[in-house]
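Protein chains: 2
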Amino acid sequence: MSKKLTSRAEDYSKWYNELVVKADLAENSAVRGCMVIKPYGYAIWEKMQAELDRMFKETGHKNAYFPLFVPKSLFEAEEKNAEGFAKECAVVTHYRLQNDPDNQGKLRVDPEAKLEEELVVRPTSEAIIWNTYKGWIQSYRDLPILVNQWANVVRWEMRTRLFLRTAEFLWQEGHTAHETREEAVKEAELMNNVYANFAENFMAIPVVKGLKTESERFAGAVETYCIEALMQDGKALQAGTSHFLGQNFAKAFDVKFTSKEGKLDYVWATSWGVSTRLMGALIMTHSDDNGLVLPPNLAPNQVVIVPIYKSEAQLEDVSKIAHLIMADLKAKGISVTFDDRTTHRPGAKFAQHELQGVPLRIAIGPKDLENGTVELARRDTLTKEVVPLDSLTPRIEVLMDEIQRALYKKALDYRDSHITEVNTFDEFKQTLETKGGFISAHWDGTPETENKIKELTKATIRCVPLDVASTPGVCVYTGKPSNGRVLFAKAY
Amino acid sequence: MSKKLTSRAEDYSKWYNELVVKADLAENSAVRGCMVIKPYGYAIWEKMQAELDRMFKETGHKNAYFPLFVPKSLFEAEEKNAEGFAKECAVVTHYRLQNDPDNQGKLRVDPEAKLEEELVVRPTSEAIIWNTYKGWIQSYRDLPILVNQWANVVRWEMRTRLFLRTAEFLWQEGHTAHETREEAVKEAELMNNVYANFAENFMAIPVVKGLKTESERFAGAVETYCIEALMQDGKALQAGTSHFLGQNFAKAFDVKFTSKEGKLDYVWATSWGVSTRLMGALIMTHSDDNGLVLPPNLAPNQVVIVPIYKSEAQLEDVSKIAHLIMADLKAKGISVTFDDRTTHRPGAKFAQHELQGVPLRIAIGPKDLENGTVELARRDTLTKEVVPLDSLTPRIEVLMDEIQRALYKKALDYRDSHITEVNTFDEFKQTLETKGGFISAHWDGTPETENKIKELTKATIRCVPLDVASTPGVCVYTGKPSNGRVLFAKAY
Chain A
1 MSKKLTSRAE DYSKWYNELV VKADLAENSA VRGCMVIKPY GYAIWEKMQA ELDRMFKETG
61 HKNAYFPLFV PKSLFEAEEK NAEGFAKECA VVTHYRLQND PDNQGKLRVD PEAKLEEELV
121 VRPTSEAIIW NTYKGWIQSY RDLPILVNQW ANVVRWEMRT RLFLRTAEFL WQEGHTAHET
181 REEAVKEAEL MNNVYANFAE NFMAIPVVKG LKTESERFAG AVETYCIEAL MQDGKALQAG
241 TSHFLGQNFA KAFDVKFTSK EGKLDYVWAT SWGVSTRLMG ALIMTHSDDN GLVLPPNLAP
301 NQVVIVPIYK SEAQLEDVSK IAHLIMADLK AKGISVTFDD RTTHRPGAKF AQHELQGVPL
361 RIAIGPKDLE NGTVELARRD TLTKEVVPLD SLTPRIEVLM DEIQRALYKK ALDYRDSHIT
421 EVNTFDEFKQ TLETKGGFIS AHWDGTPETE NKIKELTKAT IRCVPLDVAS TPGVCVYTGK
481 PSNGRVLFAK AY
Chain E
1001 MSKKLTSRAE DYSKWYNELV VKADLAENSA VRGCMVIKPY GYAIWEKMQA ELDRMFKETG
1061 HKNAYFPLFV PKSLFEAEEK NAEGFAKECA VVTHYRLQND PDNQGKLRVD PEAKLEEELV
1121 VRPTSEAIIW NTYKGWIQSY RDLPILVNQW ANVVRWEMRT RLFLRTAEFL WQEGHTAHET
1181 REEAVKEAEL MNNVYANFAE NFMAIPVVKG LKTESERFAG AVETYCIEAL MQDGKALQAG
1241 TSHFLGQNFA KAFDVKFTSK EGKLDYVWAT SWGVSTRLMG ALIMTHSDDN GLVLPPNLAP
1301 NQVVIVPIYK SEAQLEDVSK IAHLIMADLK AKGISVTFDD RTTHRPGAKF AQHELQGVPL
1361 RIAIGPKDLE NGTVELARRD TLTKEVVPLD SLTPRIEVLM DEIQRALYKK ALDYRDSHIT
1421 EVNTFDEFKQ TLETKGGFIS AHWDGTPETE NKIKELTKAT IRCVPLDVAS TPGVCVYTGK
1481 PSNGRVLFAK AY
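Note that the protein sequences, when read in sequence, are chains A and E.
Read the first sequence against the numbering used here and you will find it ends at 492, with the numbers running on by one and no gaps.
Read the second sequence against the numbering used here and you will find it ends at 1492, with the numbers running on by one and no gaps.
Chain A with its partners taken away, still in its complex shape (with noise of 0.2 Å):
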């Protein structure tokens, strides 16, 4: 197989499917929408579960598990959140196999282990969560409960993408519990922002804090904020949602506490999470026409050290400055490969580190031995600069740092300058169809006017953004009055 890409210009959608395979991340498997992830991409998802686990616990959060199944009528208890999710949901209805009669050496489903109640197959676990609270509150003294999980979930998507939308995928999922509505609210805030910070700083990827319109909330929530990032190709992807759930959940599980005064009222919920789809948004905010480029933050490797030899006594000398390297990198806390393989040239090594995005790459020859140097190649920018050996370490400690900072400084300028303000429908559909990104319009509130945008240009309302005042103006589509400018795009 090649490992050549098809390039961003050529064909986007191809380069991106292209990549996450030829790059080992993850592939199609032989259930329809499901995906296999690979040892490299997993390694990298582990690298974001790591840092959001101890984000969560750093906020007071701790980790349950959760059935993997949800009863009928628990599923269906809080109407909105069914109706969101009936339509794409995955049915357990029998519980063993039998050997097919008129098949010889063929299963069947047996006929008579029927369920009696047919199980869903968590999408979200809103409802089986809840019904459990049930039993796990009464006072206020047994508030706030805080408590995340890192699951598989199942919806029954029809178009299915590798990590952007398959079947099923890994996530977290956090679920609270609390007293008021202002301290469900100051969580759910809260964890946007944990999303947002991690988001920020250790993917490298800038995001726009805000608050989905009705039409766009999770299905069952009074208000969903969201993280928003910006792909290289204008488009828009959705990073990850917090949800403030009111006391929906607690109602259609009759879930109650006492109060400090005595008093007894329904508990007020958040619910939040990111996905594998994490995965998707960071290939394709900072990755090129060569391959995936990672941040030092989430990269298994983040360096790799190649030897260029013609003989086994040059082997045997550039391993030995090799593993002084990675003695020395590894108690900086960096983390380092030694490519070693005789099946390979240097040649096809350098595509490949290239291609899976490890930040910077070292190449010892026996000229470098020589001269007591290295070639010191940087994946983000594509350079290379000879370093003498005594400053390699500090060197890469800096350069680890620059580059984390430099994906993100160039993926911020990409984004800033794909935020486009416009004031007519025209500049709206001339921005979109030429340039592409947010952007930024007075809309008039109404669901009606955000579909009828959508028809039109295939472009929803992404967020309300947060962080910026905002100022009364017209709607970019009716003319009638708008309280402020909110952002559009097409997106993932």
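Hints are computed from structural coordinates only; laboratory data are not their basis.
Virtual Cβ for every residue (Gly too), placed ideally from N, Cα, C.
Watch out, some of these pointers could steer you wrong.
To be verified - Chain A side only, calculated, beta carbon under 8 Å to chain E, not exhaustive:
1. Lys72
2. Thr93
3. Tyr95
4. Leu97
5. Ile137
6. Arg141
7. Asn152
8. Leu264
9. Phe350
10. Gln352
11. Leu355
Claimed, not checked - Taking lysine-lysine pairs in the DSS-like style, the calculated list, with each CA pair at most 25 Å apart, reads:
12. E:Lys1251 / A:Lys57
13. A:Lys114 / E:Lys1134
14. E:Lys1022 / A:Lys106
15. A:Lys106 / E:Lys1114
16. A:Lys480 / E:Lys1134
Keeping the supplied structure of chain A fixed, place chain E upon it in accordance with the hints.
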């Protein structure tokens, strides 16, 4: 709810069930046979995961993720494996719910959303993984594949018990592919040793390493290695298994490779797993009538500090000392919490931490403030000592080690005194009834005798031990020749 547990002597099984729930480890859910793992229980599982994951990576394994679902046609490809799991698998037949026309506000399966091919919720992943490996393996250069997955699996068991046997459970499953039989056998043995190591040195649970007999083998395996532990009620518990799968799955999924010599051959396989069942082993090995006893390695909180005070001022003074102690312990890598809840009295706190197995409890009261001491209580021995503040941290460091060792020693003594060699079937039955534990006896090697003994006594062959030299004898039941003693026991 009373925190007092039924005693082990009174009703061991009831004691276990109560402990799991009252110590906040897990509880039953609304889904038949599926459990909710509560934050405290999950924190212990996370400790196990972290250590196992470290051990897997140290032995060269990488994590990946494969689909939850197995299409029926793949599920049935390896016949023995399919036969072994068909009777207890959850089957997804539909991908949508719709409003039930006969039942307003309710949902029903949409008959038009029937899957073309049923999907089995994975009871184990050999089938889906070997179908994937087919695409990964062409030549010896692609081998070995050393992959592990952390996942949930579903086996529709009829009789379930928290942690020990649940319809859904969490586990890890390693799946490796090799060039030669020898290499695969070595891998299966290596991983069984990793499990034994983990059980003994991390969980403080002594185990017997052995081989399963044919009738106890994993469905589809050529050989099953296992570690067997002994619970306090004299029943054995299989704590982990590692399978040499031969070429069974490679043949079922047509996975061949070209060897260095250019020969085409089927790939050799192993798989190995441990699950949340280990939580059951942990509880039943160490705990007592007061609740959970945790080895320090597995304790989410290794030390808890409880303040004793009558006035706000006293609490403040105690808090100051507590924070100094905490800083000191944390610097030594010892986890510690300060239980300054004002909603509970010290007595209630003591009982809770005892129930939850916190290895060491520090109580600080007004007298301690005067004397510059604290009271240190050990969970495993229920002994107390007064320790001067300035020698507290070193004392705790010593105790962490001592408790870990003491728990192992205690369990080992119990286990070793419960391996009984018997030479007649009367002795066999009598020992089983009066004493329980492992019964070391000669067996003629036939499944018939094995089954007959099981039928008569409910004891199964737990394993053919690996670490003892086998000497010939005569079968305890049939009097026929035997190659060596095997271990029988009633088992969980």
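Using Cβ atoms only, decide whether Lys72 of chain A comes closer than 8 Å to chain E, and label the hint accordingly. Holds, because the Cβ-Cβ distance from Lys72 of chain A to chain E comes to roughly 6 Å (cut-off 8 Å).
Does Lys1251 of chain E pair with Lys57 of chain A here, judged by a C-alpha cut-off of 25 Å? Distance ~46 Å between Lys1251 of chain E and Lys57 of chain A Cα, so the pair is violated.
Can the hint on Arg141 of chain A be confirmed by a CB-to-CB distance to chain E that is less than 8 Å? Where the cut-off is 8 Å and the nearest Cβ of chain E is about 6 Å from Arg141 of chain A, the hint holds.
Closest C-beta approach of Ile137 of chain A to chain E relative to 8 Å, hint status: violated (13 Å)
Proposed interface contact between Phe350 of chain A and chain E, which counts if any beta carbon pair is under 8 Å: This hint is violated: Phe350 of chain A lies away from chain E, its Cβ roughly 19 Å from the closest one there, beyond 8 Å.
CA of Lys114 of chain A to CA of Lys1134 of chain E, is that 25 Å or under? violated (34 Å)
Need the status of pair Lys1022 of chain E, Lys106 of chain A: alpha-carbon distance at most 25 Å? violated (46 Å)
Taking the least C-beta to C-beta distance, is Tyr95 of chain A closer than 8 Å to chain E? holds (4 Å)
Answer holds if the nearest beta-carbon of chain E is closer than 8 Å to that of Asn152 of chain A; otherwise answer violated. holds (6 Å)
Holds or violated: is there a CB of chain E closer than 8 Å to the CB of Gln352 of chain A? violated (13 Å)
Can the hint on Leu355 of chain A be confirmed by a CB-to-CB distance to chain E that is less than 8 Å? violated (17 Å)
Does the CB of Leu264 of chain A sit less than 8 Å away from some CB of chain E? violated (19 Å)
Hints 5, 8, 9, 10, 11, 12, 13, 14, 16, counting from the list given before, are not met by this structure.
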